[in-house]
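Undergrad: So the chains spell out like this:
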Amino acid sequence: MVRLAFAAALALTACGQIEDDRPATLEYVTAAVLAPYCGNAQCHSSLTRAEGYALDTVEQARESINFFGLVSPGEPESSLLYLVLISPGGDNNLPRMPYDQPMPDADVELIRRWIAQGAPGL
Amino acid sequence: MKRIVLATLVVIAAVVAFPGRARAYPQFQLAYDQTCSGCHVSPAGGGLLTENGLAVAETISHLGTAPEFFYGKVPTPDWLQLGGDLRASTGFMATPEKVLATFPMQADVYAAARFGSFTLVATGGYKPDEFGKGFESRLWSREHYVMWQQNEGEPTGVFVRAGRFMPVFGLRLAEHPAYIRRFGGTPLYSETYGLSVAYVDPKYEVHVSGFVEDPWFEPVEPRDGGAAYAELRIDEQTAIGGELLYGKSDFDQRIRYGVIAKRYVPQANLLLQAEVQLVNQLIDETPTNPDGGAPLQVVGYLLGTWMINDFVMLDVGLGHFDANVRIRDIDRNGVDVNLRYFMTSHLELALNARVETFGFGDGGPTGGYSLLQVHYRL
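If you're matching them up, the sequences are chains W and B in order. For our numbering, count along the first sequence from 1 and bump the result up by 74. For our numbering, count along the second sequence from 1 and bump the result up by 780.
Since the hints were derived computationally from the structure, they do not count as laboratory data. One or more hints might be untrue.
Cβ-to-Cβ under 7 Å is the rule here; a few derived chain B residues that face chain W [unchecked claim]: (1) E877; (2) E998; (3) V1000; (4) D1032; (5) N1069; (6) I1110; (7) G1143.
Note that the Cβ used here is the ideal one computed from N, Cα and C, for glycine as well.
With the hints as constraints, model all of the structure from the sequences given.
TA: Structure follows, in structure tokens:
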């Protein structure tokens, strides 16, 4: 009964959704995607800085992306930030990120769109 | 918005209305005592155990053993309590990168010194090292605070804490990956400096906290704000609560508000807990982000805990996180299974497993993990 109720609740929240019209800006991408999925405590947070960079605040993300050249504005296929999100992983490939949880396709696409549009805000 | 409110009410009503009658709650907060402070030094739970908490640790363990610090072989004066937690995990993760992983989770020692109505509490231990820095970046103190309590040594009454600790908010589950923690305002390492006032009674408790961004360590939750949490125990088997948290960072504001419910079903020795949170995230408008952004998020968790016997406990959790309810197929839905075996009063073995999908399979790769966790309490 409880599970049915929970499923019903989830279904209700899913009603009326629209296609992705979120702003493709560094500020939005950081707040909505990079910080919660990449910038968690044990990874690319300002606290830990895995691989040297932090993605948990707009300022840190801007600094890290620029310093490490993670993004080539206008060229998502040449941007490490995007490539690690679509890599098949495994040997001889870039590691697939995030390593501790999957990321929804729509968020990967938002990052691709942001880079393709010139990475505004960077 | 109406749908979300309705959905919230459906979940809470289902938990509260689940049939059952009991004389007591089954597990940690509610089985052996009505409050966190019945077993823990902190009124918010976690960390050092009280004398009653030590007795419970012994009661629920398979092989017993003396529950005191180092089995009581290191005597401490009455005013001083020592303890600690060591945790490590190993297993398989698919996110979807498939990896075998072994990693330390926690290595903290605790001390509490009580002087009348005042208690000084401090932890020290391991944190993940900061890239490019030496060993010293692996050490820190997650919590250190001074606490005043109205009723000296008692689990009830007014508690005032000042220092570094986690703002009191939500179901304070030990499992930090649980959606309601990770996406619900209390992720791993989000302790910060603040002031908290609590009133704890077996029938109800209220916690109000104010906090500021950590000025020394780079904060995991880089926000200033406040939190309020209240829980009312309607009878011996039912509790409901409400919560509110506001936090402001350099680039956004988040307003979290939600409800919780707990219900014990004695026939099945089952505790149901649910929390549903709505989150208004307001992303700052800037010259390069002129439209700002205001995604409405939903975080929910329904946890069933079955006490199979005194020393084996099974959790099944259903998690839901929608980072923006307007956008299709970014909702994350997961099933957690945690099987715990309390071997001794100090040693716990746990199997932690998760499967999670987006948009119920339409929104991205399915991921998960299966980990064996070893937890040793000093």
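Undergrad: Give a verdict on every hint.
TA: Tested hints:
no., hint, in the structure
1, E877, "holds, 4 Å"
2, E998, "holds, 3 Å"
3, V1000, "holds, 5 Å"
4, D1032, "holds, 5 Å"
5, N1069, "holds, 4 Å"
6, I1110, "holds, 4 Å"
7, G1143, "holds, 5 Å"
The structure shown violates none of the earlier numbered hints.
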